[in-house]
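J.: Line order of the protein sequences matches chains A and B.
Just so you know, we're using this note's numbering here: the first sequence kicks off at 4 and counts up by one.
Just so you know, we're using this note's numbering here: the second sequence kicks off at 3 and counts up by one.
Stretches of chain B that chain A covers, calculated by requiring three or more beta carbons in the stretch to come under 8 Å of a beta carbon on chain A:
#: 1; segment: 42–52
#: 2; segment: 72–79
#: 3; segment: 89–98
#: 4; segment: 105–117
In silico DSS-like links for lysine-lysine, alpha-carbon gap of 25 Å or less:
#: 5; chain 1: A; residue 1: K397; chain 2: B; residue 2: K112
#: 6; chain 1: A; residue 1: K396; chain 2: B; residue 2: K80
#: 7; chain 1: A; residue 1: K426; chain 2: B; residue 2: K110
#: 8; chain 1: A; residue 1: K396; chain 2: B; residue 2: K67
#: 9; chain 1: A; residue 1: K416; chain 2: A; residue 2: K162
#: 10; chain 1: A; residue 1: K36; chain 2: A; residue 2: K61
#: 11; chain 1: B; residue 1: K110; chain 2: A; residue 2: K396
#: 12; chain 1: A; residue 1: K77; chain 2: A; residue 2: K236
#: 13; chain 1: A; residue 1: K397; chain 2: B; residue 2: K80
#: 14; chain 1: A; residue 1: K426; chain 2: A; residue 2: K166
#: 15; chain 1: B; residue 1: K102; chain 2: A; residue 2: K421
Pair ranges (Cβ atoms, derived):
#: 16; chain 1: A; residue 1: K339; chain 2: B; residue 2: D211; range: 53 to 59 Å
#: 17; chain 1: A; residue 1: A367; chain 2: B; residue 2: A111; range: 56 to 62 Å
#: 18; chain 1: A; residue 1: K397; chain 2: B; residue 2: G151; range: 30 to 36 Å
#: 19; chain 1: B; residue 1: E115; chain 2: A; residue 2: F381; range: 25 to 31 Å
#: 20; chain 1: A; residue 1: N341; chain 2: B; residue 2: K59; range: 52 to 58 Å
#: 21; chain 1: B; residue 1: R109; chain 2: A; residue 2: E163; range: 46 to 52 Å
#: 22; chain 1: A; residue 1: A367; chain 2: B; residue 2: Y212; range: 54 to 60 Å
Worth flagging that the hints you see were computed from the coordinates, not collected in a lab.
Cβ atoms here follow ideal geometry from the backbone N, Cα and C, with glycine treated the same way.
Letter by letter, the chains look like this.
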Amino acid sequence: MSLKDKLVSAFFAFENNLEGNSPIHKIQSKAMKRFEEKGFPTKKEEAWKYTSLNSVIKYDYSIFPTKEHNVELKDVRKFFIHDIDTYKIVFVDGIYSSFLSETTHDNMDICLLSAALSKPKYSAVIEAYFDKIAQKDSITSLNTAFAKEGAYIYIPKNKEVEKPIEIINFATGNESALMMQPRNLIIVGENAHVQIIERHQSLTENPVFTNSVTEIFAEKRAFVDYYKVQNDKPNASLLDSTFINQDTESNCAVHTFSLGGKLTRNNLHFYQTGNHCESTLKGISILNNKQHVDHHTLVKHQAPYCESHQDYKGLYGGASTGVFNGKVFVEKQAQKINAYQQNDNILINDKATINAKPQLEIFADDVKCSHGCTIGQFDQDALFYLRSRGIAKKEAQALLMYAFANTVLESVKIPELKRRINKLLANKIGVNIGFNV
Amino acid sequence: MLQINNLHASVQDKEILKGINLTVNSGEVHAIMGPNGSGKSTLSSIIAGKDTYQITKGQVLFENKNINDLKPEERAHKGIFLSFQYPVEIPGVSVTNFIKTAINETRKAKGEEPMPASEMLKLIKEKADLLEIDRKFLSRSLNEGFSGGEKKRNEIFQMAMLQPKLAILDETDSGLDIDALKIVANGVNKLKNKENAVLVITHYQRLLDYIVPDFVHVLIDGKIVKSGGKELSHELEEKGYDWIKEELV
Chain A
4 MSLKDKLVSA FFAFENNLEG NSPIHKIQSK AMKRFEEKGF PTKKEEAWKY
54 TSLNSVIKYD YSIFPTKEHN VELKDVRKFF IHDIDTYKIV FVDGIYSSFL
104 SETTHDNMDI CLLSAALSKP KYSAVIEAYF DKIAQKDSIT SLNTAFAKEG
154 AYIYIPKNKE VEKPIEIINF ATGNESALMM QPRNLIIVGE NAHVQIIERH
204 QSLTENPVFT NSVTEIFAEK RAFVDYYKVQ NDKPNASLLD STFINQDTES
254 NCAVHTFSLG GKLTRNNLHF YQTGNHCEST LKGISILNNK QHVDHHTLVK
304 HQAPYCESHQ DYKGLYGGAS TGVFNGKVFV EKQAQKINAY QQNDNILIND
354 KATINAKPQL EIFADDVKCS HGCTIGQFDQ DALFYLRSRG IAKKEAQALL
404 MYAFANTVLE SVKIPELKRR INKLLANKIG VNIGFNV
Chain B
3 MLQINNLHAS VQDKEILKGI NLTVNSGEVH AIMGPNGSGK STLSSIIAGK
53 DTYQITKGQV LFENKNINDL KPEERAHKGI FLSFQYPVEI PGVSVTNFIK
103 TAINETRKAK GEEPMPASEM LKLIKEKADL LEIDRKFLSR SLNEGFSGGE
153 KKRNEIFQMA MLQPKLAILD ETDSGLDIDA LKIVANGVNK LKNKENAVLV
203 ITHYQRLLDY IVPDFVHVLI DGKIVKSGGK ELSHELEEKG YDWIKEELV
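All chains, full assembly: derive it from the sequences and hints.
T.: Next comes the structure, spelled out in structure tokens:
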């Protein structure tokens, strides 16, 4: 049975647990129909031209692990930003772990989507926000159909969350192959501030397939600072779709660090619906072996006086492949906007590949849009400079890689996270560059 | 210390150096002067080991050993230093971290332990004071956003830290105002001793007022066409290069 068929039949069992005629049930049934019609995307579709899911969907995944699997804190502590206090929403094989989590209902909700979907007191919020900006494409629809668990974060007006929130999904490997579909809903009220770190982490070499969807609503003057740490095991693949709706004068940033995993697809969509918004999309990909990372970004400028900044850096070694498809869409009424997109790539190995496609569609006539895309190798003059100071070629290359990635790193606002990413980068580059970064 | 014998070099089949002979002994300061495009920077890059140039004939000997086939880092470990005309910007790596890496990589290559942190700090402070470099400057990203003068001062700071046997200063005076020039020259002079040597590559005589050469060589069209004492540089300053060219015809 193909994974698609398996999912379709699993949905019937899933559906039996849903309330008969609830609005959520309707949304999920419709979503399943869409997935059933379209199936998993193939390379025939323009948006998936360079990314094939064949190597991922070939496994016989278990879709609903029923057993709760415990992990020891000492075994997973290193995956948390443990040197500072944080809120934590942790799932193990798709099931909430109260033991590893630290949630709150104190003047805000940092808790579980399962609770929000089932308890009447949340129904108004769910009705107003759930699945309102998520795309209707096949993989997002698939997630919507099975949406059950994930993070639910509601930060009310004027609230500044005093510490970062970590959302972590562990896969234990107790299932021989596991598929997970976390669904996050995040609402950040007027003037509210929040910082979130998201991580998907397999703990074994067994195949793991995660199809994650996150919807984020930033109300007026809200501030959202979001980090995605993608440093998973070699047999873990991730489809990550994130949709952000920005109201007037809100400021949202998403940093994505793609270092590990087998296949990673990041769909990141920003919708600017109010004036004077600011959106930041940044990413570093450092790949080797046969890793594949695909960044698909969309910034939809729907209102005037807004800004968007994109900066993606890629370092491709081994026989890895990277994709960058960055689309900026400026609607007719979005005058006086400033959209900037930069994508720089270095191919370290002859066998590595990058497919870069900047796309600008502009229907307003008084805007500033710019984009730059570079694909190259190491700057030979820079390499000679470093080597002439006694630094061997390999270390000199490591320094240059570090410098190259640094423009993305410097805007990370959580110092402990920045240090952590720095170490991950140095490890990934595989050289001790002589100082503590 | 440095002996260059009949050196011919080309880049992409274009011959740039056409038979250079030059001997630099310990304790000496040599200046190589010449008009633009005469091959001055090529010569300095070749001594430092840049591999975009092919040596087609001749040899570069350092301490009596042929170094034609050595990598740039191996030459650095032997004590050759090049102060770049256009130092490269390395964002995210501070001046301090860079120089620590350079020193410890050199020590590693020699089989020595890394320099203890306290000793390193002391050395950095001493050399920064010598070149009147501010502490804040040391924590900035290497060359990023530096003015021309700051870049050159940083080059000489690195030279002071690495203490090479042979320092090649490639157009170190370009981009420097007179005050910065004096500080840089003063730094070079203080680092100068009987055991090391300096090769100054310059278009103008100005720097040579402060770093006084024992020998001046004129490089034109890939060849050293005239050598003399420091008075030669004054003559060039006064008359330009054309009179030498005419002499050659």
